[in-house]
Amino acid sequence: DSGVTQTPKHLITATGQRVTLRCSPRSGDLSVYWYQQSLDQGLQFLIQYYNGEERAKGNILERFSAQQFPDLHSELNLSSLELGDSALYFCASSPPSGRGSLHFGNGTRLTVT
Amino acid sequence: QQPVQSPQAVILREGEDAVINCSSSKALYSVHWYRQKHGEAPVFLMILLKGGEQKGHEKISASFNEKKQQSSLYLTASQLSYSGTYFCGTENTGNQFYFGTGTSLTVIP
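Top line first, the protein sequences correspond to chains A and B.
For the first sequence, this note's numbering begins at 152 and goes up steadily by one.
For the second sequence, this note's numbering begins at 475 and goes up steadily by one.
Next up, chain A with everything else stripped away, as it sits in the complex:
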């Protein structure tokens, strides 16, 4: 158990809809990262937050947004969903230094029909 919690485990929704994925980092970790992994593909970096502030941005679409709350949990919002958004979405957290090993949650599998 990595200590990173992601909910829900599975999401099935229709095109055009909006969903919210939630992540709680390991106790004491301040950084949260979001990654998208399409079927049998690599991990695409979306965005990183550190102690509530956006720290780095990757290949995140404009239809996607994220935030980190004062209690350090993070949410990834995906809107106007398309079939191509179907993927496994991972959240990871890292130690307070902001640099160090990433510990991953078990992911949320999103299926857009």
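Watch out, some of these pointers could steer you wrong.
If you anchor each label on the Cβ, the simulated ranges turn out as follows [what the hints assert, rightly or not]:
1) B/Gly-489 / A/Leu-190: 29 to 35 angstroms
2) B/Thr-567 / A/Arg-169: 30 to 36 angstroms
3) B/Gln-553 / A/Leu-212: 19 to 25 angstroms
4) A/Phe-220 / B/Ser-555: 21 to 27 angstroms
5) B/Asn-495 / A/Ser-189: 41 to 47 angstroms
6) B/Gln-482 / A/Arg-214: 29 to 35 angstroms
7) A/Lys-160 / B/Glu-488: 30 to 36 angstroms
Some, not all, of what chain A presents toward chain B, calculated at C-beta under 7 angstroms [said to hold, decoys possible]:
8) Ser-189
9) Leu-194
10) Phe-196
11) Gly-203
12) Ala-207
13) Phe-255
14) Asn-257
15) Gly-258
No lab work stands behind these hints: they were computed from the structure.
Computed from a predicted model, the values in this text were never measured in an experiment.
Glycine is no exception: its CB is placed at the ideal position from the N, C-alpha and C atoms.
Chain B: place on chain A using the hints.
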């Protein structure tokens, strides 16, 4: 931004050795290595920091050439449990963390 890994796939017999390479076009602060089993979350193996090398597992080690922005993962005397997809992760000076394209490793009896 995404580092490139090679080879894309490797099939080994138990006890054989393998090397997985990772290279980036950007200046790096650190290189991480992770292993992912199918359908599961990636698991951290080790981190190599600029100016040093850190070994994370007994039969799995890695090197980091800062000047060339390259890292290699060495798996010796492979075991069945080593099977999975290996990703290098590179952290640049802008705090962005990108994973490589992945190397599928299959160890057969």
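Given A/Gly-258 as an interface hint, is the shortest Cβ-Cβ distance to chain B below 7 angstroms? Cβ of A/Gly-258 sits 6 angstroms from chain B, so the hint holds.
Verify the CB-CB distance for A/Lys-160 and B/Glu-488 against the hinted window 30 to 36 angstroms. holds, 34 angstroms
Is the distance from the Cβ of B/Asn-495 to the Cβ of A/Ser-189 consistent with 41 to 47 angstroms? Given a distance of about 24 angstroms, which is not inside 41 to 47 angstroms, the answer is violated.
Hint check: is the beta carbon of A/Phe-255 less than 7 angstroms from a beta carbon of chain B? holds, 4 angstroms
Was the hint right that A/Ala-207 lines chain B, CB cutoff 7 angstroms? holds, 4 angstroms
Interface hint outcome for A/Leu-194 [beta carbon to chain B under 7 angstroms]: Holds, about 4 angstroms.
Evaluation of the interface hint that places A/Asn-257 against chain B, nearest CB under 7 angstroms: holds, 5 angstroms
Restraint: A/Phe-196 near chain B, CB-CB cut 7 angstroms. Satisfied or not? holds, 5 angstroms
Tell me if the beta carbons of B/Gln-482 and A/Arg-214 are separated by a distance inside 29 to 35 angstroms. Given a distance of about 31 angstroms, which is inside 29 to 35 angstroms, the answer is holds.
Holds or violated: 29 to 35 angstroms for the Cβ distance of B/Gly-489 and A/Leu-190? For A/Leu-190 against B/Gly-489, whose Cβ atoms are near 32 angstroms apart, the range 29 to 35 angstroms holds.
Look at the Cβ atoms of B/Gln-553 and A/Leu-212 and judge whether their distance stays inside 19 to 25 angstroms. At 40 angstroms between Cβs, range violated.
When you take the CB atoms of A/Phe-220 and B/Ser-555, is the distance between them in 21 to 27 angstroms? Once the Cβ atoms are compared, 38 angstroms apart, the range 21 to 27 angstroms for B/Ser-555 and A/Phe-220 is violated.
Violated hints for the displayed structure, listed by number in ascending order: 3, 4, 5, 8 and 11.
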